[in-house]
Structure formats: structure tokens, C-alpha cells
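Participant: Chain residues, written in single-letter form:
2 protein chains.
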Amino acid sequence: MSTVTDSRTGPLQGVTVIDLTRVLAGPFLTMVLSDLGARVIKVEWPEKGDDARHFGPFVNGESAYFATINRGKESIALNLKDRDDRMVLEKLIGKGDILVENFSAGALDRLGYDWTSLQSINPRLIYAAVSGFGHTGPYKDRPAYDLVVQGMGGVMSLTGSKDMPPVRVGTSIGDITAGMFGLGGVLSALYDRERTGKGMKVDVGMLDCQVAILENAISRYFAESVVPEPLGLRHPSITPFSGLKAKNGEYIIIAVGNDDMFHKFCDTIGRKELSADPRFGSNAARTRHSRSLYSELEKSLEAKSVSDWLEIFENAGIPCGPINSIEQVANDPQVAERNMIVAAQTERGTQFKMPGNPIKLSGYDDPDTRAGPPALDQDREAILQWIMSR
Amino acid sequence: MSTVTDSRTGPLQGVTVIDLTRVLAGPFLTMVLSDLGARVIKVEWPEKGDDARHFGPFVNGESAYFATINRGKESIALNLKDRDDRMVLEKLIGKGDILVENFSAGALDRLGYDWTSLQSINPRLIYAAVSGFGHTGPYKDRPAYDLVVQGMGGVMSLTGSKDMPPVRVGTSIGDITAGMFGLGGVLSALYDRERTGKGMKVDVGMLDCQVAILENAISRYFAESVVPEPLGLRHPSITPFSGLKAKNGEYIIIAVGNDDMFHKFCDTIGRKELSADPRFGSNAARTRHSRSLYSELEKSLEAKSVSDWLEIFENAGIPCGPINSIEQVANDPQVAERNMIVAAQTERGTQFKMPGNPIKLSGYDDPDTRAGPPALDQDREAILQWIMSR
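Sequence order for the protein chains is V and D. Heads up: the first sequence runs through residues 127 to 516, numbered per the working numbering. Heads up: the second sequence runs through residues 127 to 516, numbered per the working numbering.
Okay, chain V solo, but in the shape it has when bound:
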């Protein structure tokens, strides 16, 4: 058995997750459950395992992609079309608390495990299904990927610049937000079970989650019948609230939310006259004249480097920041202090670094090393023993 036990200290200690997920949305969900102390038993197809095991980059032949979202889990390989293996799965379902899958809608039903069957095996089971479009509606049988739901869900129409080709959000937020709303569903179902003694089905669709994160874009559309468009770096209704060019064309983020802060900001860059200019007298006026204002501000900002300005603005209490590269993020002192880069080692000794757990809980450790991702089928014996035990 792996060293998984070491990290199982958290609010979900004692909770067992039967994890049929692959690639990203589902594994992200069960990774957070594991970070919160649950035991996660990953059930994978024999030989090949989770597709993500074959996604680069690789270190010593082991996938860094897989490691990131599967740290701290156990693995057993089961062929869900084989009779004996199905019996093992059913024992797992019988003893587990939560079953998570992110097959396409209906795939688990076709394997013989629809929600009614699952309930008959274990009435306390919480069943979470994360799929592209959810288990109902006209698109339910369509395949989906992160890129597809980013495009269909509207976020892509808000990201980028109007006269440029469209761009995707640089991380897989289609998958990740679905994993996170799935997490909310699973945890609320777990709390519910304390009252009712019964499990629940949680049905989360990636497209739904994209709509949920659109927040005021949807209400703006319905309130004003105006279709929101991509705005590059700037905020639709707060000004100056954007990235602006400093020395050498490097960008600095400035987030000035009200008039007092705007006056302070103008003073700080030596442009007092701008706060007296009627074009910039209120946030609404500044937003109407954002192009002129930003061009005036850049004339002053180009005199100093981003790091010089950051120091000046921080001392003045003006919300600001750099646009960090991944290298800068990975080496940031706050990120380090908050333990947001953690290490995990596989049984073969490969060490990976990856994002930590942002949910910091009093009373529980937040270790900077985590149990590694499992090799395929690594925990078979211990898992088989567990299902045979009382």
C-alpha cells in the first residue's frame, strides 16, 4: 500500500470515494476531496488506465499532468465488463460513501449502473456525475471538451479583444469549474445524508457551469438588451481598472475603484490636473472617456519600470499588480508562504511539483508534501482486503 494514509487528515477523514473519473473535471473534484482528507480509490481500466497517464510532459516516464490532479489517490484496475471485476466494483460501491464519474451521459447506465441500481446496492451512496451537458436536455448525448464548452458557454465571447481572433481562457476552466460545482454538490449531499440517512444524485454539466460563471454578463444582457463584448484588459464599468503600458511596453495592472482613489492615483503619478479634468470627474465619465484617460496615463507610466511603479503604488495603497509569468508565480513569496506549490513523489521515486490546496482550514495541517499519484493498480491488494473486511 502507498503512503496515502499520511495525508488523510482533514474534515473528510473516514469518507471513501469510489472514483471512476478520467482526465480533468472529475479528477479535479476527487483531488479536492482527497486534499480535504477523504480516501479516494481510483478505479481504472486495466493496462491503459486513466487517459491522462499518457499526457505529457513526462518525468522518468511518468506523467506530470496525471500527477497534478491524482496526488494522494489509490488505484485499482478493473474491467467493468468482466464479471469478477464488476463484483469488486459493486463491493466498493456497497462500502463507499461517494461515487464520482465523468463519463458521457448514459455511459454508466449502459454498464448496468444507473442511479436506481446504485441506490439498490447502497442507499447511502452519493453519486456525482460530471458530464459535458448534464444528464438531461437536447444536447445530453453530445461529446464535449473544455474547449467546446468554453466556446458554447459564452466566456470566449467575453475574452480577448474585439478586432482580434477569439482566444480560449488559458486554463481549462470548463473542466475545473465543473469539478468545483460538483464538489459543492457532493459536500452538500454528504451533509444532507447526516439528516436523511440517504444518498443523492448530483448531476453537473460543464455547459451549465460556464453559464453560472458569467455572472453579470447575463444580467446585463437581459437588463439592457446589449450583447457584452470582449474588452481586452479593461473593466466594462470601472475606470481606471485595466492593464497599462509602463517602461519598455511592460504592462502593469491598476485597479482604481472610486474617486478618492483616483485622486490619490493622479497625485502619485504627478498628474493632479487629470483629477480636475471634467472628462474624468466621475467613474461613469472616466468609463465614457477611458481611451483618452488610458492614453494620458500611459504617457506618465512609461517613465518607470513595472517594478518601480509597483513599489510606489504599494506604498501609496493603490491596488496594483504585475502580469506574472508562470515562472514568477511559481517563485512568488506569497505563493510559497501560503503553501500553494506542493511536492508529491511516486512509488518509483519521481518527484513532481504542483498547485497546493487553496482551502486553508484551522485545526488541520496543510502539508507541503503530499502523497504521490498512484501507479496503475498499485493498491489492489489493500483495496481487496478492505472490501472483504467488515
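Note that these hints are calculated values from the structure, not bench results. Hints should not be assumed to be uniformly reliable.
To be verified - Chain V regions said to be covered by chain D (calculated; three or more residues, Cβ under 8 Å):
hint : stretch
1    : 193-206
2    : 450-456
3    : 469-480
Said to hold, decoys possible - Examples of chain D residues toward chain V, derived with CB under 7 Å:
hint : residue
4    : Gly310
5    : Ile339
6    : Glu341
7    : Ser345
8    : Gly358
9    : Ala381
10   : Arg464
11   : Val468
12   : Leu487
As the list claims (entries may be wrong) - Straight-line alpha carbon distances no greater than 25 Å define the calculated PhoX-like cross-link-like pairs of lysine-lysine that follow:
hint : chain 1 : residue 1 : chain 2 : residue 2
13   : V       : Lys288    : D       : Lys371
14   : D       : Lys217    : V       : Lys390
15   : V       : Lys288    : D       : Lys430
16   : D       : Lys207    : D       : Lys221
17   : D       : Lys324    : V       : Lys324
18   : D       : Lys288    : V       : Lys288
19   : D       : Lys390    : V       : Lys174
20   : V       : Lys398    : V       : Lys373
21   : V       : Lys425    : D       : Lys288
22   : D       : Lys288    : V       : Lys373
23   : V       : Lys398    : V       : Lys371
24   : D       : Lys425    : V       : Lys288
25   : V       : Lys430    : D       : Lys288
Model, not experiment: these values are computed from the prediction. Every residue, glycine too, gets a C-beta built ideally from N, C-alpha and C.
Keeping the supplied structure of chain V fixed, place chain D upon it in accordance with the hints.
Facilitator: Here is chain D on its own, set in the frame of chain V:
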């Protein structure tokens, strides 16, 4: 009292949230708690209330922005520097289950409510603090906004195109992901309390959450010492997996994840010879030659409109999709069928439409009308009566 009671059917029924949050990250968290059945009592400063009440667009003088993330909540106005009002807050804390705030770090402490004091008022209280950088570390006292943490946290360095000015992600994912990880913390603490009888402090920093959603960009950096860059629409390691130009320069999303699908795709667009081309013989080869491949594919795709291609690809089972505008999202049949646009009405009769709840739970209704956002101080009498009751 408002009609809030009607919608309070969900796993969190019976749970009371004391909500000191403003604007976005915190209100998003407590909105999901309300959607899941909790009673949310929003405590606002007298006269002005939540800043978001003053953010446009407005309908009949009421903010659509505020409505979207405050539906179904109750409101009481309290001056947290006034002695009598502080006693009311302390009674609320004494009777509540969860306190959520998104002040800057230390602000609630300065009001006299640090974690130790909160515990002495109510040892079962769960206290969730959502702040820019969390409550520890060198940046903890700095102000932050969504735009600032998007820049600092790395997602901006991955979004957009290399030769273009940087762009923000078109929704406030800095705020929203913090609200969602905060939700995970609160719900796991609620489950924990069933075992321990004690509350917990949940400390979530927006910057931490940005790191958490970087997933494989972080592990790629550590595994290969290569700093990931923005890639426009395309996927870093899967090809063809991008948006491509069809007729009239409109984009279509194509997500072809493996060789079999690639062969099918080439057949479907009448370009069988491409699947035989050694440059495109494997995913790795296709990714190396993505520029040539995409240019070849666009030569064929420009013959038909996006909607024609979508029909063809859907029939062939090839994952694809449009890049929808917010208007198209708001009128999409799947979005409607999944109840992802809901309506809520204020006491003054203003009706708003907004994103629904993507967490679909068996056994609980998912109503398409929700209780409206509260007017400032709307529920004072009922809340005062409640704290005086046993």
C-alpha cells in the same frame, strides 16, 4: 418578511448564514449556499449597503449586478461601530451556523471580531474569510481585486496571443473561483462539525485560488523548465483542438482528441489525404505541424457556414461547437432545459433574469423563479424577532 422561505428547500435547509460580504467573491459563495437551501442573512452598512447595489446596469433604479448574486437573501442594516448594532450582530453570530466575510485581511479583527472572539460567542460557528491574499504571508495586507489576482496569479500570462497585448479572462474568475473554493471549505467544515461539534476557520485567498486553477501549467513549468505562453485558441498538446475559420471568417471549435477521430474528421470534410500525410500521422506530429494542419483544414472549412458544419460534425460524432455570444447562450435550448436562466423579482416588482444553479440534486426542486434580492434592511423585523426567539 420576503418570500425567501419558498425557495429554501435543499440540503442546507435549517442552516443559517450570517453574511458580511460585499461585491462579488463573498456574495457568490453565499448565493450558492442560498441556492442549496441555507437561510442567508446579509448584514449591510446602513444607508449605502453593499457597494454592488450601486453598480449598473439598473432596472427601475435597482441594480441587476446586485440582484444576480444576492437573490434569495435577507437583509438587515447594521453599523458595526454602533454598540446596539454590535449586540444584534453578536446575537446573530450566536445563533448562526456560518459567518462569511470578504473584508481585507484583519478588518474584521479590528472591528473586534477575531477568530478567538467569534469562537467565544459561538463555538459551533464556521467562519469563512475570503480575501485577496489570505490571512497570512507577506502580501496579506495588500488590497486586491479580480483584475489584480488574474494578473498576479498567472492565468493572464496563459490567455490571449503571444504577439498581442494581454487580456483578462472575460468573467471575474479571480472572485468566482475564490467564492467556490470558499464554498468547498464551508461545506466540509459543516460536515466536520457533525463529528466534532465545533466550528472551524476557513481562510481562502484569491491569489491561492488562481494558482490552484493553473493545473498542468505549473507542473509543466517544473517538469520541463519551460514557461508556458498564451496560445490563442489552440490546445498546447492536442491537435486539431482549436477554433478554426469557416465561411465568412466565423470560427468553429473542433476538438479531435485521437487518431481515429482525426481519420473520421478528415473523411468528413473530404480531406482523406491529410490522414495519410506523415506530418499528421500522430497527435505529437500534428501538434508539431499544427500551423500547416490548421491552414489546410481552414481551406476546406471555409466552404460552409459554422451552422452547416456543426450539423455535419454532430451527425458524424465529432466534438465541435460554436463560439456563442451571450445572446446565443441566453437563448440556447440546452441552457433553457437545464434551467440555467432563472428569474427573480424584488419587493418593488422589478424582475431580473440571471444564471441559475448548476448543482442539480435528485430529491430537490430546481425552481426557475427564485426569491428576489432584498432591499436594504428589508428583513429587519423578522430577523430581530428571530434572534430574540429561543
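Participant: Could you check the structure against the hints above and give me the numbers of any it violates, in ascending order?
Facilitator: Result: hints 11 and 14 break, sorted rising.
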